[in-house]
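Number of protein chains: 2
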Amino acid sequence: ISPNLVFCHVPGRLSLLSSTSKYKVSVGEVERRLSSPECLNASLLGGVLRRAKSKNGGKSLREKLEKYGLRLPAGRRKAASVTLLTSLVEGEASHLARDFDYVSKTEFPVKRLAQYTKRQHTNDKQALAAKVEASLKLVKEFQDLILCGPPGMSYEWEPGVDKDVFNGLRHFALVTHGFGTPTIVTAINVFHRYLEELLQSQDSKENDGGQMGNGKCSS
Amino acid sequence: ISPNLVFCHVPGRLSLLSSTSKYKVSVGEVERRLSSPECLNASLLGGVLRRAKSKNGGKSLREKLEKYGLRLPAGRRKAASVTLLTSLVEGEASHLARDFDYVSKTEFPVKRLAQYTKRQHTNDKQALAAKVEASLKLVKEFQDLILCGPPGMSYEWEPGVDKDVFNGLRHFALVTHGFGTPTIVTAINVFHRYLEELLQSQDSKENDGGQMGNGKCSS
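Protein chains in written order, with full-length UniProt numbering: chain A, 1 to 219; chain B, 1 to 219.
Derived from the structure by calculation, the hints contain no laboratory data. Think of the CB as a built atom: it goes at the ideal place given N, C-alpha and C, for glycine as much as any other residue. Any given hint could turn out to be false.
No farther apart than 16 Å at their CA atoms in a straight line, the calculated lysine to aspartate or glutamate pairs in the EDC-like style are these [to be verified]: (1) B:Lys137 / A:Glu133; (2) B:Lys64 / B:Glu31; (3) B:Lys111 / A:Asp124; (4) B:Lys125 / B:Glu31; (5) B:Lys118 / A:Asp144; (6) B:Lys118 / A:Glu196; (7) B:Lys111 / A:Glu141; (8) A:Lys118 / B:Asp144; (9) A:Lys125 / A:Glu196; (10) A:Lys137 / A:Glu66; (11) B:Lys118 / A:Asp124; (12) A:Lys118 / B:Glu197; (13) B:Lys118 / A:Asp162; (14) B:Lys118 / B:Glu31; (15) B:Lys137 / A:Asp124; (16) A:Lys137 / B:Glu31; (17) A:Lys118 / B:Asp164; (18) B:Lys111 / B:Glu31.
Chain A residues, not near chain B, derived (Cβ > 12 Å throughout) [claimed, not checked]: (19) Pro3; (20) Val27; (21) Gly46; (22) Ser104; (23) Val165; (24) Thr186.
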């Protein structure tokens with residue numbers, strides 16, 4: 001059975017607007033959640049998939065899983081700690097990461113922080129610039145490296161990527177349902193933009209006050 | 001009315017275990033959500049507070065708000081874009097950030113990434129070390145700066161913090177309900193640990209494979 005086949009649809013947990021559609025959960029995703037490192041049991045998987053609590057010990061869930069070639073032993077002990085991330089299906093985790101990326105790009109005060117830092121280094125501008133250039137190189141190298149694995153790339157290793165790096169990133173993606181790496185990327189991008197602002201002229205009159213509006217709500 | 005007074009309790013949206021308690025929502029938080037930059041309207045605020053949809057155009061919500069000295073004009077246009085972050089109350093946003101921090105500390109493959117990078121720089125170890133030292137300084141300066149505002153600090157400015165920096169961080173905290181800054185800090189800490197690993201001896205046999213287990217689920 002193809003891992004891309006849709007196992008079920010799940011309503012979002014974080015949707016406020018009624019127009020938000022459900023998230024598709026693929027057979028591949030269910031297989032990932034049942035496997036290491038999470039090893040979800042029937043009760044938790046049922047919760048993730050928003051199924052009503054069953055009175056038959058997860059029998060109907062197991063029956064559906066079997067139809068798709070998936071096994072879930074009864075009485076299984078879950079492996080990973082349950083956190084708030086556990087409840088997210090990959091579709092919603094990805095959506096949350098995208099929204100956080102959007103908000104960080106538009107609302108994080110990169111210019112203000114950089115202007116403050118530049119003022120602290122008025123007497124050693126060149127030393128600061130040298131440190132910034134060095135950091136930009138390391139940041140880029142780190143960014144390129146973390147994009148070598150899922151969820152941006154396949155969950156299956158392909159030649160061209162260091163296996164240890166891939167497996168480490170794959171593990172982090174599995175434990176965070178795809179939320180982790182894009183979120184780390186978002187924050188590293190914020191730091192990257194801050195570094196680039198540090199290289200801008202001290203006299204820049206621009207600031208990101210504009211994004212903050214006038215502090216009032218319109219009627 | 002004190003902003004610390006509890007306005008209501010709200011069940012978590014991301015809780016899987018039935019033992020998870022509700023989150024307290026303070027009068028101060030409701031006031032923040034009703035003010036700029038979010039300017040929530042009655043419909044969205046009701047959704048955030050998990051109130052049943054009212055048939056009276058938000059009248060009961062307005063009445064409760066008035067009891068606590070809060071005003072919500074009818075027909076108000078919301079200001080900020082609705083994202084998946086919008087639905088989180090500050091208590092749950094903070095809980096999610098803490099869980100993400102825990103998972104990033106324990107499951108992100110810092111050592112593997114650092115070992116790969118060190119192998120790429122076998123011929124310029126000293127140059128790499130110099131770049132790392134420079135980056136560590138800038139990372140620390142950035143970290144110290146972003147911890148100058150909420151949610152770690154009060155939402156009210158206090159002397160000792162640059163006002164522009166504070167207001168910028170306050171804006172980001174308001175738009176992300178306290179989720180944003182701790183999450184940026186988490187990711188910057190990951191990068192910081194990666195940088196420190198780059199300074200460790202090339203011959204280190206340690207790796208973070210242990211955290212990944214043996215790939216099997218126990219019965």
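Worksheet item: Within a Cα-Cα threshold of 16 Å, do Lys118 (chain A) and Glu197 (chain B) meet the stated pairing?
Response: violated (28 Å)
Fill in: chain B versus Thr186 (chain A) - minimum CB to CB distance exceeding 12 Å, so not interface
At roughly 7 Å from the nearest Cβ of chain B, Thr186 (chain A) sits no farther out than 12 Å, so the non-interface label is violated.
Worksheet item: Do the alpha carbons of Lys118 (chain A) and Asp164 (chain B) lie within 16 Å of each other, as the hint requires?
Response: The hint holds at about 14 Å.
Worksheet item: Is the Cα-Cα distance between Lys118 (chain B) and Asp162 (chain A) 16 Å or less?
Response: holds (13 Å)
Worksheet item: Are Lys125 (chain A) and Glu196 (chain A) close enough, with their CA atoms no more than 16 Å apart?
Response: Answer holds: Lys125 (chain A) to Glu196 (chain A) is near 14 Å, not above 16 Å.
Discussion item. Check whether the Cα positions of Lys137 (chain B) and Glu133 (chain A) lie no farther apart than 16 Å.
Written reply: Cα-Cα ~13 Å, so holds.
Item to complete: Take the C-alpha atoms of Lys64 (chain B) and Glu31 (chain B), compute the straight-line distance between them, and say whether it is at most 16 Å.
Response: holds (13 Å)
Worksheet entry | Claimed clearance of chain B by Gly46 (chain A), with the beta carbon kept past 12 Å | Check fails; 10 Å does not lie beyond 12 Å.
Item to complete: With a cut-off of 16 Å on the C-alpha distance, tell me whether Lys118 (chain B) and Glu31 (chain B) pass.
Response: violated (50 Å)
Discussion item. Lys137 (chain A) and Glu31 (chain B) were given as a pair; does the straight-line alpha-carbon distance stay at or below 16 Å?
Written reply: violated (43 Å)
Worksheet item: Taking only the CA atoms, is the gap from Lys137 (chain A) to Glu66 (chain A) under or equal to 16 Å?
Response: violated (50 Å)
Worksheet item: Is it the case that Val27 (chain A) keeps its Cβ farther than 12 Å from each residue Cβ in chain B?
Response: Nearest chain B Cβ is 18 Å from Val27 (chain A), so the label holds.
Violated hints, in rising order: 3, 4, 6, 10, 11, 12, 14, 16, 18, 21, 22, 23 and 24; the structure is consistent with all others.
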